[in-house]
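Visitor: Okay, here's what each chain looks like letter by letter:
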Amino acid sequence: MKFFDLLRLIFGNLSRRKARVALTAIGVVIGTSAVVILVSLAIGLQRNANEQLYGIGDLSQIQVSSAMGGSGGVFMEGGGRPGSAPGQSADQPPLLTNDALDQLRGIPGVEAVIPQEYFYSGMTMKFQRLEGGASLRGVDTLDLAVLGMEAMQGSTELKRGGVVIGAKISSNFWDPRLRPGQEPPPPPDLYNQQLQIVAMKWDSEGNEIRKNLSLRVTGVLEETGNDTDWTVFMPLSEVKSLNEWASGVKINYNKDGYNQVIVKVVDPREALDIANQINEMGFQAFTPQSFVEGINSFYLVLQFIFGGVGAIALLVAAIGIANTMAMSILERTREIGLMKAVGATNRDVLAIFLGEAAGIGFIGGLGGVVIGWLAGQGINVLAIVYLANQASQQGGIPPSVAVYTPLWLPLFALVFSTFIGMLSGLYPALRAATMIPVLALKYE
Amino acid sequence: MDAPFIRIKGLTKHYQMGGQVVRALDGVDLDIEAHTFTVVMGPSGSGKSTLLYLLGGLDRATSGEILVDGQRLDQMDENALALFRRRTMGFVFQSFNLIPSMTALENVSFPMQFAGMNATQRGKQAGGLLEQVGLGNRADHRPTELSGGQQQRVAIARALVNNPSLILADEPTGNLDTSSGAAIMQLLSDLHRSGRTVLVVTHDPRMIRFATHKIYLLDGRVVSEAEYQSAALETARDIQGE
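Respectively, the protein sequence lines represent chains A and B. For the first sequence, numbering that gives the first Met the number 0 begins at 0 and goes up steadily by one. For the second sequence, numbering that gives the first Met the number 0 begins at 0 and goes up steadily by one.
This is chain A alone, in the form it adopts within the complex (with noise of 0.2 Å):
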């Protein structure tokens, strides 16, 4: 039997049935707009997710510390910390030495490996009658262009005596003496101002201890979204005795190991690989990449649960094409004894049946696909205009979708529809081909 005359044959039965196909067909309908809504839904849910999540950090960097957790021992007075003993034993944990920045830097993909570390002490910042908080980072580099910062004012250059500060910083003073009623003085504009850094310590007996200092403000970067907003950079060296000064005890790089350093990759999608090689040496390595992706797997599992979801509806509409076509197949025995007395082979009467029932499963898949669609742009126009009231009142960013169906989801919901439908047609099917004709034909 060629295929377009088995085809015309099907639609043909199918439209002598109209209103019972079309009840059938119903139950697919609910079933696969379901599925289409539903994985839309999650789909929209994580695309909204990962838009939100731009401000999370450079994808290419991976922030690399020792598994002993900080160094240098600062917060332990006495430098009591196990790792500082020299030769180390092998079930401890390596430290972040010179040695062990350049077997990072051996690592295929890795484009600079960059020590940096943070004041752990307290500090307020001192502009004019403006006093401002942020978190002072000292990195081991001339240029922060290396880890892909850009100035918005100045350059990305970090000089001696200067700092290069994140886009907020300005935005974060505030004036001690304002009274109640006064208006907050506009962000002060600091670039290329002396701004006064008061870092503090305590002594035994809990009393401050200050120190000043004046530095010119080189540089101001561009927004990021990121922690490099609200940070200070200063060269490694000038945090490095900032530190000592605040404990006390002198911090050897070589015999301590670096608080923590930045590998900066290639191509971020190696990210996550080298991550897990940097791990396998015992260190600890955390990427924003695996952060990603574990949204990721999360919202994939959404997706694999909600589709479960409008699959259990499919699986009730199967159950309605499989008895549809058993009723039918009743019905219709003398047909298929007539069918099989002028010569049609087992196989013709299977591929006539199964398509029935796949067509239904079509039919009703075509209907889902076409109102999950329509419903999907409709929760859309919706949802925008709700969500994005909410962010504009809390300040977040407004999604630019809510439901989201990519091509592939309404292909593949029909495909699916129309192969339920034939599965589910397979046993009544294959009865009606395995007739006995001449039994069939006497059938009253």
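Mixed in with the good hints, there may be bad ones.
[Stated by the list, open to error] DSSO-like, lysine-lysine: derived pairs with alpha carbons at most 27 Å apart:
#1 A:K200 - A:K167
#2 A:K441 - B:K213
#3 A:K441 - B:K8
These are computed hints drawn from the structure, not numbers from a lab.
Let chain A serve as the given structure and place chain B on it in line with the hints.
Guide: Relative to chain A, chain B alone:
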């Protein structure tokens, strides 16, 4: 020595019915030559329809051999039987078995789909056959819009589409009034004269006049005309005696 067109040897067909074995055919031996018009006579329950369906490969024998056109039907698998029916046989049934949703033309061309013939060729051939059975002007009518005699003529046209050498008819006039029945028998007789082998199963004695060969069946066995007549007389006497 050539084998006859149909040769049946030791054919039996037993059914289980309500715990009892029914011997529908109980050892039938038959030779039927090509280009004959054979009428199989017998009362209901004599096994004549069973014989026809076994000959047509629509049912399986319990034992025995069936040879049609040099091929052993009892040794064929389902698929081969279907192909054999498609190429060699045309069936005509008592209840016509037309598909109600299809027009006369579609009903006639239906079997050609399974043979993989293309649509234009199918339409042409089916139209020609409807002309031949005198229904050229009814091609677009559905079965419900046709009389019984017309429906049976559509069915005969359908039986002819694959140009079969053997026509098997099961009580083709059973559902028809006398004059349409006679017209159908005339049509079958014409098919015989055009060179086909025709086998008709009936219990209507008026059909005998078209036959070149007669076969009488009683209780699943082939009997002579004399035995058949005396059995018929006995039955008549029994009924009168009651």
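Visitor: Evaluate each hint against the coordinates.
Guide: Structure-based check of all given hints:
1. A:K200 - A:K167: Holds. A:K200 to A:K167 sits at ~26 Å (cutoff 27 Å).
2. A:K441 - B:K213: holds (25 Å)
3. A:K441 - B:K8: holds (26 Å)
Taken one by one, the earlier hints all hold for this structure without exception.
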